[in-house]
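All chains, please: the whole structure from these sequences, using the hints.
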Amino acid sequence: MSDLHANSALFVRKEMLPPSDPPALESGAIKWLRENLFSGWLNSTLTVLGLAAIFFVLKLGLPWFLHGVWNANSLGECREIIAATWGEDAHGACWAVIRERWNQFMFGFYPRELYWRPVLALLLLMVALAPVLFSEKSNKLWIAGGVIAVLILWLSVSYGQWIPVGILVLLAAITGYLGSRGVHWPVNLLWFTGVYTGLAFWLLWGGTIWLPVVALLGFVVGWIAFRFASNAVGTIVGAGAGAIAAILWWYFAAGALSDTLTGLTGRTQPFWLRGVDSDEFGGFVLAFTIGIAGIAISLPMGIILALGRRSDMPLVKAICVGFIEFIRGVPLITLLFVASLLLNYFLPPGTNFDIILRVIIMVTLFSAAYIAEVIRGGLAALPRGQYEAADALGLDYWKAQRLIIMPQALKISIPGIVSSFIGLFKDTTLVVFVALLDPLKGITDAVRAAIEWKGVYWEPYIFVGAIFFIVCFSMSRYAMYLENKLKREHR
Amino acid sequence: MATAADTPRESFRLGMLIYDTRYRSITIQTIVVILAMAGVWWLYDNLMANLTALDKTPSFSFLWNRAGYDINQTLIPYTNDDTHLRAMLVGLVNTILVAVLGCVAATVVGVIVGVLRLSKNWLVARLMTVYVEGFRNVPVLLWILVIFAVLTEITPQPRDFKVTDEMIAAGEEPAASMILLDTVAITNRGTFVPAALYERSLGEIKIGFLPISLNTLAILAVIVGSILGYRAIKKHATAVQEATGIRPVTWWKSLLVLFGPIIVLLLALGFHLEIPTLGGFNFTGGILVSNALMALWLGLTLYTAAFIAEIVRAGIMAISKGQSEASFALGLRPGRTMSLIILPQALRVIIPPLISQYLNLTKNSSLAIAVSYMDLRGTLGGITLNQTGRELECMLILMLTYLALSLLISSGMNVYNNAVKLKER
Amino acid sequence: MKKSVFLGTLAASALLAGFASAATLDDVKARGELICGVNTGLTGFAAPDANGNWQGFDVAICKAVAAAVLGDASKVKYVPTTGETRFTALASGEIDMLARNTTWTFSRDADLKFTFTGVNYYDGQGFMVKKDLGVSSAKELDGATVCIQTGTTTELNLADFFKVNNMSYQPVAIQTNAEGEQQYLAGACDAYTTDASGLAATRAVFADPENHIILPEIISKEPLGPLVRHGDDQWADINRWVLNALIAAEEFGVTSANVEELSKGTENPEVNRILGTEGDLGAMIGLDKEWGKRAIAAEGNYGEIFAKYLGESTPIGLARGLNAQWTQGGLLYTPPFR
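Chains as they are written, first to last, in our numbering: chain A, 624 to 1114; chain B, 81 to 505; chain C, 766 to 1103.
By construction, these hints were calculated from the structure, which means they are not laboratory data. Every value quoted in this text rests on a predicted model; they were computed, and no experiment measured them. Hints may be right or wrong, so weigh each one.
Said to hold, decoys possible - Straight line, CA to CA, 35 Å or less: simulated DSBU-like cross-link-like pairs of lysine-lysine: (1) B/Lys501 x A/Lys940; (2) C/Lys928 x C/Lys1073; (3) B/Lys286 x C/Lys928; (4) B/Lys242 x A/Lys1077; (5) A/Lys1108 x B/Lys200; (6) A/Lys1034 x B/Lys501; (7) C/Lys1073 x B/Lys242; (8) C/Lys896 x B/Lys242; (9) B/Lys501 x A/Lys682; (10) B/Lys401 x A/Lys654; (11) B/Lys401 x A/Lys1108; (12) A/Lys682 x B/Lys401; (13) A/Lys654 x A/Lys637; (14) C/Lys904 x C/Lys1054; (15) C/Lys1029 x B/Lys242; (16) B/Lys200 x A/Lys654; (17) C/Lys896 x C/Lys1073; (18) C/Lys904 x A/Lys1077; (19) C/Lys895 x B/Lys242; (20) B/Lys501 x A/Lys1110; (21) C/Lys794 x B/Lys136; (22) C/Lys895 x A/Lys1077; (23) B/Lys136 x C/Lys928; (24) C/Lys842 x A/Lys1077; (25) B/Lys501 x A/Lys1108; (26) C/Lys1073 x A/Lys1077; (27) A/Lys1077 x C/Lys986; (28) C/Lys840 x B/Lys136; (29) A/Lys760 x A/Lys1110; (30) A/Lys1077 x C/Lys896; (31) C/Lys986 x B/Lys136; (32) B/Lys136 x C/Lys842; (33) A/Lys1110 x B/Lys242; (34) B/Lys401 x A/Lys1034; (35) C/Lys878 x B/Lys136; (36) B/Lys286 x A/Lys1110; (37) C/Lys840 x C/Lys896; (38) C/Lys840 x A/Lys1077; (39) A/Lys682 x C/Lys895.
This is the structure in structure tokens:
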């Protein structure tokens, strides 16, 4: 065969040719361009349009951006500097307004020497959230913990306050002690999550420490009563007894106890912090306070509403559905107006809640309805087998919820909860319409009311928008990461 | 205690209310209802006590008093001699106007952006991602304020359009001029667009408070008729094609049916445009679309469209790749694949979250307060509330109206959702 | 009034503004602080400075009341209120008194159940336009776009004015003075209308006040004054007579500079009664003898306050006009202290 072939063929190649280069149009950058940008007339048009849009935006914005001035005391001065450096016709941003009013954007009119308190509250929030968000231990947690500890130390040193370090040491000591007694992560930090609400309230508003302590003790009292009563007469009666005990505690004992303790300790640190009025809150401190308080308090409410909505009991279900749909059917702004105009009418004659507290109440109700829907989604996503398995084990309703259903449903719901937090955080800007100083419009208007900054429009908007973007974008990325992780775990 | 095997005993003991699952749910419901009612009663009792202390009695009679204030953008006739109720309706119509405009525009923009975000075009896909993330992660209030500031700060004042004799003599151009063949003027007060006028008007009929122009009705009727006629022609052409294999030439028929009747009608009515002209302080004539409406509409549209784009993208990605491959195998072009194969299927995934976006947009329209657009909150919850001091009544009506709007939208969309839902056999 | 113990404690904390009971005076004394509702920011009347200290003509009234009642003019908590929230804040007891350039009208007095304790500024609604608009009278504003601040009586006055003069206009309703300024300066409205004093205050902070004119027409009567809730006559009396004491002090030449000296005793028995060296007027309104002296010492008499915040030496530069003493051809006329 081969013989024949060799004889019959005039030429037989003995070795392979080296591969030749692809045509210039089918390789490298040109190929990429052709495939990704100019693959057809439609795509080419879109590309050209896109390029034109980018060019237009850059042409308008870039010189303005680059000509920005950071050091000036008024808008007029800014314009003079720009005219002197870039010529008479140049336009430029006046970032000096941000530099000069930075504190107001961040803290509103919060007393300057007390800035460490909201900052500390924010740092401790990270600590309080850690056991909820990171259920397994990792080295990253140690690094994050170290960073937070260093920041708290720095806070202590720069403001000459020992309270931040004191709290840090107490926190580390209790967590370490619990850890040494065999309580594992994240439970050994979970106690702090419970305590945090009271602590944050105390740090932000000041006053006596005994009020939040005594208020938190109410939960402990309720829990003890629940344990005793449920051992004796069963879970349901126990729960009722616990609730009644806690309410009795708050109604009768708490006030007197707090007064007595405050009388004993007097107005000395660490039992007393300088009081800060609500009208001194503003800027991002206000946005974070309302947003985080709203989500934190609404979470338990949302869980109960979601359970109620999925309940077999028609009346309970009707009440929950009615509440959720009513709240979801009206704009937040009307609820804020209710907070500012009407809420006092619905409280006992003579009581008079502060406007921030009223806003937090309404925001909490608002977000509870949305959280309830998120958690309902989480409950619905659980396979039916989980419920049946819990029933098969003979667990009663609450035990099944607590041990089987809720841990899984809440885990699935975390991305949704983060998303509703993002939504709520953005919506905190609406409080400006009830005369609170939100960072977007309240503080910006206050800044513009000053003679030296009259006429500054874009810079504060861009600055505040950028901060909102950074916070919301990173949180939404985090929610996406969680979602992907959950998907992997379920596979 | 009784075991499951025991037959239930006849005698009823109090303990059974708690321990017997047959009665327990009744007990719990009773307690919950009693607690809820006690809560409501507590609120009501406080309210009454507070109102008595202030010597106020709730009454809605103020709605029939003269409002006395003017509203700059009204779709239904209104003067300051009308009642507060009428002012409230003006506000309601304005709310619905911006909500409808917003929903339509946001859907269009959202679908386009959502599709483009999945485009193979690297640049466009990236640009759309920037748009979506940029708008989603910043408060909508910011966008409304920024757009409003752009409209008031950058667009020219009406007086910039003025041409004086000196300017003509010096050969100068006015600082600003109208666009689209001198018919539309964009000013920092609003956009003045031509209004439709009819020389031989058919008049109008009143349905309740709402006057409806017979001209508009006639035009709408003719347009609907034309479209039906066009469909009939196409159907006939298809029938002929199926029977003979040759599609008859129909384009001239279609054109005639689509445009002929409306042109005839407009000529018969003596249709002409009233072009806004500069007079005194403002442009007169034409229709004013105020900047407040414009800013609110654009802001809501762009913000909601970013969310809708994500919904559309998720909906498209939920369709299995086999569908588009099958479509390509059938020889359909990418555009037709999208419109005939992918989108109709994606619609089922898209619609439920879309409903909640429509609801959000409608509720967010109350941000009109930021740009002084006179929506329901601006009239009833704003000036009326201030002038009458009836905050309880005003807020009650305001919330119930928004609630009714929300329920209306969600029930309407649910009907639609059920219609397109996958019918499982 | 029944209060639970816990709510009582909460009241002591920063979160609760306090309890409003029938006797506002007792509440204020118990709290050690007067809560005064003011404007969110109107130069000259009430505005916080860079350090957050409130200053202005209305604020001075709050300070005088605090000085008379509590003996310390700085013991005031200022609650910024908008046109919408002010009446609710007062009615619900969130604030003890409202000093927020509020017009005294029949329905506010009778229907909203408030007691106006006097007039601290006689005002009227006016118009401000840009000079190059070439308008010299409000009657020439036919067809103009007018910016109005809502939440006041202004939109009604405006509607009436244009109706009476058979003119048309485009109203643009805005929420705050800051927004109004922005719209007006951008040219989004031809004219800006609010109380003439507010216009002057707004114009004062423009970069180019000389390019804006306030038209001569005053289209309404706006007697602005502090107000309190119906039903607490003692508290209303205190507010009324503190204001009257400030006005009377100007009439009798008592100033913050000489009040110490005059309170040792003067020839004029009425001055003596105001300053507490003769008789005991204070006891009749539940205060001590020296209430009047402290009120005047706080920020000076009416004339001093006016000169300090609104007068011709300030950027606002308002003339006394109607707000002069009756002896000077104005409307300020206090009932006698006896």
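For each hint, the structure was consulted:
{"no.": "1", "hint": "B/Lys501 x A/Lys940", "verdict": "26 Å, holds"}
{"no.": "2", "hint": "C/Lys928 x C/Lys1073", "verdict": "39 Å, violated"}
{"no.": "3", "hint": "B/Lys286 x C/Lys928", "verdict": "26 Å, holds"}
{"no.": "4", "hint": "B/Lys242 x A/Lys1077", "verdict": "29 Å, holds"}
{"no.": "5", "hint": "A/Lys1108 x B/Lys200", "verdict": "27 Å, holds"}
{"no.": "6", "hint": "A/Lys1034 x B/Lys501", "verdict": "30 Å, holds"}
{"no.": "7", "hint": "C/Lys1073 x B/Lys242", "verdict": "44 Å, violated"}
{"no.": "8", "hint": "C/Lys896 x B/Lys242", "verdict": "17 Å, holds"}
{"no.": "9", "hint": "B/Lys501 x A/Lys682", "verdict": "48 Å, violated"}
{"no.": "10", "hint": "B/Lys401 x A/Lys654", "verdict": "25 Å, holds"}
{"no.": "11", "hint": "B/Lys401 x A/Lys1108", "verdict": "24 Å, holds"}
{"no.": "12", "hint": "A/Lys682 x B/Lys401", "verdict": "41 Å, violated"}
{"no.": "13", "hint": "A/Lys654 x A/Lys637", "verdict": "34 Å, holds"}
{"no.": "14", "hint": "C/Lys904 x C/Lys1054", "verdict": "53 Å, violated"}
{"no.": "15", "hint": "C/Lys1029 x B/Lys242", "verdict": "70 Å, violated"}
{"no.": "16", "hint": "B/Lys200 x A/Lys654", "verdict": "14 Å, holds"}
{"no.": "17", "hint": "C/Lys896 x C/Lys1073", "verdict": "28 Å, holds"}
{"no.": "18", "hint": "C/Lys904 x A/Lys1077", "verdict": "31 Å, holds"}
{"no.": "19", "hint": "C/Lys895 x B/Lys242", "verdict": "17 Å, holds"}
{"no.": "20", "hint": "B/Lys501 x A/Lys1110", "verdict": "26 Å, holds"}
{"no.": "21", "hint": "C/Lys794 x B/Lys136", "verdict": "28 Å, holds"}
{"no.": "22", "hint": "C/Lys895 x A/Lys1077", "verdict": "18 Å, holds"}
{"no.": "23", "hint": "B/Lys136 x C/Lys928", "verdict": "33 Å, holds"}
{"no.": "24", "hint": "C/Lys842 x A/Lys1077", "verdict": "27 Å, holds"}
{"no.": "25", "hint": "B/Lys501 x A/Lys1108", "verdict": "31 Å, holds"}
{"no.": "26", "hint": "C/Lys1073 x A/Lys1077", "verdict": "24 Å, holds"}
{"no.": "27", "hint": "A/Lys1077 x C/Lys986", "verdict": "31 Å, holds"}
{"no.": "28", "hint": "C/Lys840 x B/Lys136", "verdict": "32 Å, holds"}
{"no.": "29", "hint": "A/Lys760 x A/Lys1110", "verdict": "20 Å, holds"}
{"no.": "30", "hint": "A/Lys1077 x C/Lys896", "verdict": "20 Å, holds"}
{"no.": "31", "hint": "C/Lys986 x B/Lys136", "verdict": "27 Å, holds"}
{"no.": "32", "hint": "B/Lys136 x C/Lys842", "verdict": "28 Å, holds"}
{"no.": "33", "hint": "A/Lys1110 x B/Lys242", "verdict": "64 Å, violated"}
{"no.": "34", "hint": "B/Lys401 x A/Lys1034", "verdict": "30 Å, holds"}
{"no.": "35", "hint": "C/Lys878 x B/Lys136", "verdict": "8 Å, holds"}
{"no.": "36", "hint": "B/Lys286 x A/Lys1110", "verdict": "59 Å, violated"}
{"no.": "37", "hint": "C/Lys840 x C/Lys896", "verdict": "44 Å, violated"}
{"no.": "38", "hint": "C/Lys840 x A/Lys1077", "verdict": "32 Å, holds"}
{"no.": "39", "hint": "A/Lys682 x C/Lys895", "verdict": "34 Å, holds"}
Of the numbered hints given earlier, the model fails hints 2, 7, 9, 12, 14, 15, 33, 36, 37; all others are met.
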